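**Q** What follows is the residue order along each chain.
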Amino acid sequence: MNAEALIILIYVLVLASFLGFELISKVPPTLHTPLMSGSNAISGITIVGALIATSEMGFTTLSKWLGMFALILATINVVGGYAVTDRMLKMFKKK
Amino acid sequence: MSNIVQIAYLIASVLFVLGIKFLGKTKDARRGNMLSAVGMLIAIVATLTTLEIMSFVEMFACMLVGGAIGLYYAKKVEMTQIPEMVALFNGFGGMASLGVALSDHFFKTQVQGVEIDTVNSVSIIASVLIGGVTFTGSVVAWLKLNGKVSGQPITFSGQHLLNLLLLLTFLGVAVMTYLFQIEPIYITILVAIALLVGVLIVIPIGGADMPVVISLLNSYSGMAACATGFILNNNVLIVAGSLVGASGIILTQIMCKAMNRSLMNVLLGGFGQTTSAG
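In the order they appear, the protein sequences are chains B and S. Note that the numbering used here has the first sequence beginning at 1, numbered continuously upward. Note that the numbering used here has the second sequence beginning at 1001, numbered continuously upward.
Chain B extracted, bound-state conformation (with noise of 0.2 Å):
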């Protein structure tokens, strides 16, 4: 990598870091649960390096399978991650 694209990907971490940390300010007690669940179904976005690992072509290598194996696992964490966020939130709804 030069530096170059180093330097662009750094910037954008740096304000993605501060826009995450100022986001979330006061976050009623009952949200915590379903706040943390939701961003850990965010955190799956790894889901995208999985899929690029996976499109590897032949299964003769070892890294295809870890791609597989790694966009499985993402993939858990994505469709679990949202769809229990989302039924704990239907159940806040109903109180």
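Think of the hints as simulated: they come from the structure by calculation, not from any bench. Given the structure is predicted, the values throughout are model-derived calculations rather than measurements. Just so you know, even glycine gets a beta-carbon here, dropped at the ideal spot from N, CA and C. Everything hinted at is true.
Derived DSS-like pairs (lysine-lysine); straight-line CA-CA distance at most 30 Å:
#1 S/K1021 x B/K90
#2 B/K90 x S/K1027
#3 B/K26 x S/K1027
According to the in silico footprint, chain S covers these stretches of chain B (three or more CB under 8 Å from chain S):
#4 8-19
#5 33-39
Assemble chain S onto chain B, guided by the hints.
**A** Coordinates of chain S only, in the frame set by chain B:
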């Protein structure tokens, strides 16, 4: 990568920001979760358009399996067991980041036979460490919450020293991984150490503090995804990963405050013993 894909990634990133923002407000929380799910879908579809169509079969097969497992457990789990379920999902996310990092390492060293540059190598090692710690740490948190492992802090003498030694060993082997990239043994040792460290940092923490630990591990899994973004030179991974990493730390602090605990206090809970009497 085409501009359209980059714009799709930007839209996904904005939806993640809005999603996290709304999730902190009672009225909008459910909508926030939906928005971030749409963002995830956009990111996935955009990524698929850049990839080899011949490999879609195995991709969809993996996503079908993972999606079915995730959905099944999300629907089946008892309400009271949701925190431990979240811990487990989170652990899978960390393991997925580790898997992607390993896959990239092996692809470059074994398949392409190219040298991995310093930035990439550091990113791979960071992803392995954080992803591995997230995985086993979350599994231990899950086991403690569902009672399969005692919720009592598990401590033994020399725990600090062992952690320090492991950390030093990790750094040493990380250098070897960089210098002798073609040898798969070094990165394998790194994976093993990362997995061991995850267990060691969570077992001394008591069951009552597990929600805070899960929140912290959630932040870690964001950082692992972020490190993966540096490996793949991918903005959406970095944005989403660092958002979760940073907001996760804040949420962890808020949760600590709500429990009248300090974060240091929780992390050292098993060691300090001073507060556990009360």
